[in-house]
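Using the sequences and the accompanying hints, generate a full structural model.
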Amino acid sequence: VIEQRWKRWVFFYIPLTLFVIGTLFPFYWMLITAVRPDEELYRSWRAVNNAPFWTLKPTLAHVQDLLAKTTFPRWLWNTFLIAMVSTAISLACGLMAGYALARLNFPLAGFLGTSIFVTYLVPPTLLFIPLADIIRNFQLGNTPWALILTYPTFLIPFSTWLLMGYFKTIPRELEECARIDGATRFGAMVRIIFPIAVPGILSAGIFAFTLSWNEFIYALVFLSSPERKTVPVGVVSELIRGDIYFWGQLMAGALLGSIPVALVYSFFVEYYVAGLTGSVKG
Amino acid sequence: VTAARRREVQLAYALLAPACLLLLTVLAYPVGWEVWTSFTDLSPLKDGSSEFVGVDNYRRLLGDPVLQRAAAVTGLYALVTTAAKLALGVGFALLLARPFPGRALVFMAIFLPWAYPASVSVIGWYWTLSPPVTTAYSVLMGSMKHAVDSALGGGAWAFLSVTLFNVWRGSSFIGVFLLAGINAVPPELFECALLESRSAWRRFWLVTVPLLRPFLALAVFLSLTTAFADLTNVWMLTAGRIVFPVLGTQAYWLAIHGGQFGPASALSLLAVPGLLAVLLLLFRMFDPPEEERA
Chain A
113 VIEQRWKRWV FFYIPLTLFV IGTLFPFYWM LITAVRPDEE LYRSWRAVNN
163 APFWTLKPTL AHVQDLLAKT TFPRWLWNTF LIAMVSTAIS LACGLMAGYA
213 LARLNFPLAG FLGTSIFVTY LVPPTLLFIP LADIIRNFQL GNTPWALILT
263 YPTFLIPFST WLLMGYFKTI PRELEECARI DGATRFGAMV RIIFPIAVPG
313 ILSAGIFAFT LSWNEFIYAL VFLSSPERKT VPVGVVSELI RGDIYFWGQL
363 MAGALLGSIP VALVYSFFVE YYVAGLTGSV KG
Chain B
3 VTAARRREVQ LAYALLAPAC LLLLTVLAYP VGWEVWTSFT DLSPLKDGSS
53 EFVGVDNYRR LLGDPVLQRA AAVTGLYALV TTAAKLALGV GFALLLARPF
103 PGRALVFMAI FLPWAYPASV SVIGWYWTLS PPVTTAYSVL MGSMKHAVDS
153 ALGGGAWAFL SVTLFNVWRG SSFIGVFLLA GINAVPPELF ECALLESRSA
203 WRRFWLVTVP LLRPFLALAV FLSLTTAFAD LTNVWMLTAG RIVFPVLGTQ
253 AYWLAIHGGQ FGPASALSLL AVPGLLAVLL LLFRMFDPPE EERA
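Taken in order, these protein sequences are the chains called A and B.
Position one of the first sequence corresponds to residue 113 (the working numbering), numbered consecutively onward.
Position one of the second sequence corresponds to residue 3 (the working numbering), numbered consecutively onward.
Only true hints are included.
Taking CB as the label site, the calculated pair distances span:
1) B:43 / A:245: 12 to 20 Å
2) A:176 / B:65: 50 to 58 Å
3) A:170 / B:153: 32 to 40 Å
4) A:181 / B:12: 53 to 61 Å
5) B:43 / A:126: 57 to 65 Å
6) B:195 / A:118: 18 to 26 Å
7) A:133 / B:101: 19 to 27 Å
8) B:140 / A:132: 22 to 30 Å
Part of the chain B face toward chain A, derived, beta carbon under 7 Å:
9) 25
10) 250
11) 281
If you are wondering where the hints come from, they were derived from the structure by calculation, not from laboratory data.
Using N, Cα and C, we set each Cβ at its ideal position, and we do this for glycine too.
Here it is, written out as structure tokens:
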């Protein structure tokens with residue numbers, strides 16, 4: 113028993129603690145920066161600092177500043193709307209394409225499957241230059257549609273692949289039973305396979321939502337007026353002026369801007385870690 | 003049988019149509035533009051039309067020592083981060099695979115780095131690793147930077163920061179992603195494995211890894227492509243200074259500051275054949291060997 117307890121500490125608690133400290137420390141540092149008063153943030157390096165890792169005079173001045181001087185709530189709403197719509201589009205496309213690639217037998221399967229992913233390979237570094245032409249021609253510049261239409265280009269390959277993998281783990285027999293009972297292929301897909309795949313759909317949805325919430329380059333290039341921006345771009349472009357970083361406000365914006373995402377996740381988290389298994393037993 | 007078969011093929015194309023159409027309409031022109039431009043000397047700084055220069059851009063780039071260094075750095079960056087992220091990610095996933103009190107909270111803690119907008123958390127890291135001189139801990143970080151740079155050569159600290167950030171963010175993603183994979187595997191399989199072998203190490207390599215293969219393949223692929231396309235993180239963590247070149251920053255610099263769209267396009271397309279080979283390899287890994295049908 114003693115040996116087992118020793119093992120549990122070495123292989124479980126200690127790595128777990130280290131992992132959690134490692135993942136959370138930067139957030140802690142951001143939080144401290146957000147609530148630290150300016151006179152503590154910017155001080156001579158020669159001054160004695162009694163509290164490098166915490167602050168004795170926490171302040172909400174940076175948060176108030178952020179809400180008063182920028183259109184932060186609008187950024188939140190824009191980001192949310194764009195992320196929701198582009199995730200919905202990509203999931204619908206990815207579900208159908210993933211099912212076809214995983215289950216159906218057709219001549220061009222390999223070619224089409226590979227070409228969907230090849231689009232992922234072209235580095236987005238310069239793609240925004242020609243994409244900006246398209247956006248301009250369709251007069252979508254500075255509207256949410258510019259992002260809603262471009263985000264699926266990297267969300268669809270990703271969710272297709274993820275869902276394809278998920279569909280492959282579902283036993284074919286389930287579907288065959290439904291077909292014998294008289295369901296069409298499409299009917300079996302919608303009524304039997306999709307409900308079983310809900311955990312996979314959910315995780316693809318969460319990933320797609322996060323990817324669109326975080327996207328930076330396209331949002332930076334295609335949106336120009338401050339009130340149309342998304343959170344990542346708004347925070348960075350309005351709070352960094354040339355070489356001047358408004359550290360406190362930046363960190364406050366970073367923390368506040370992620371609260372909606374955190375809420376979405378905490379809603380799914382129980383389901384995600386505990387509820388996924390056991391759905392395939394039919 | 004043939005009618006049913008034809009219907010199946012039709013259904014397959016109908017199901018793939020939305021994804022393919024959307025990708026084609028949005029990406030066909032940009033990708034075509036980039037490929038075409040890489041064979042021209044297109045530049046917004048130059049009046050008149052661009053000229054077709056054949057493979058000149060590619061030939062010049064391949065002989066350029068700066069590019070060779072950038073390619074080497076990018077390759078190293080991709081390999082180091084992918085290996086570290088896989089190791090940590092598998093660790094996260096295995097730790098979280100079994101229930102324990104507080105699992106949901108630990109899950110959130112591990113998921114946060116990826117769920118957080120990178121453009122913002124990267125500023126947090128920049129603020130931590132390369133603070134402005136007026137902050138209390140700038141001396142500490144400055145001397146660490148100096149120590150690392152003088153031990154490993156100029157730019158080492160910047161490389162280390164970018165790698166750390168990438169691993170911090172990416173291992174969180176891979177962990178959660180692999181957890182989804184573990185959750186998709188029927189638990190009976192793991193229970194059987196427990197009866198077969200007492201060695202956790204053997205069970206890991208003989209059961210867990212093969213079962214997770216499709217997810218591992220996608221994780222490796224995503225990790226490699228993001229490393230090769232990485233521009234924002236390198237840019238932000240080095241404050242826009244090219245301390246060490248990677249392909250992304252080189253291409254961006256050539257296009258936006260140099261106005262040389264042609265060579266820049268060629269540069270960003272250079273890695274595509276290599277990545278394509280990796281993709282095809284991983285695609286083969288993705289298809290598990292045909293199961294015996296009972």
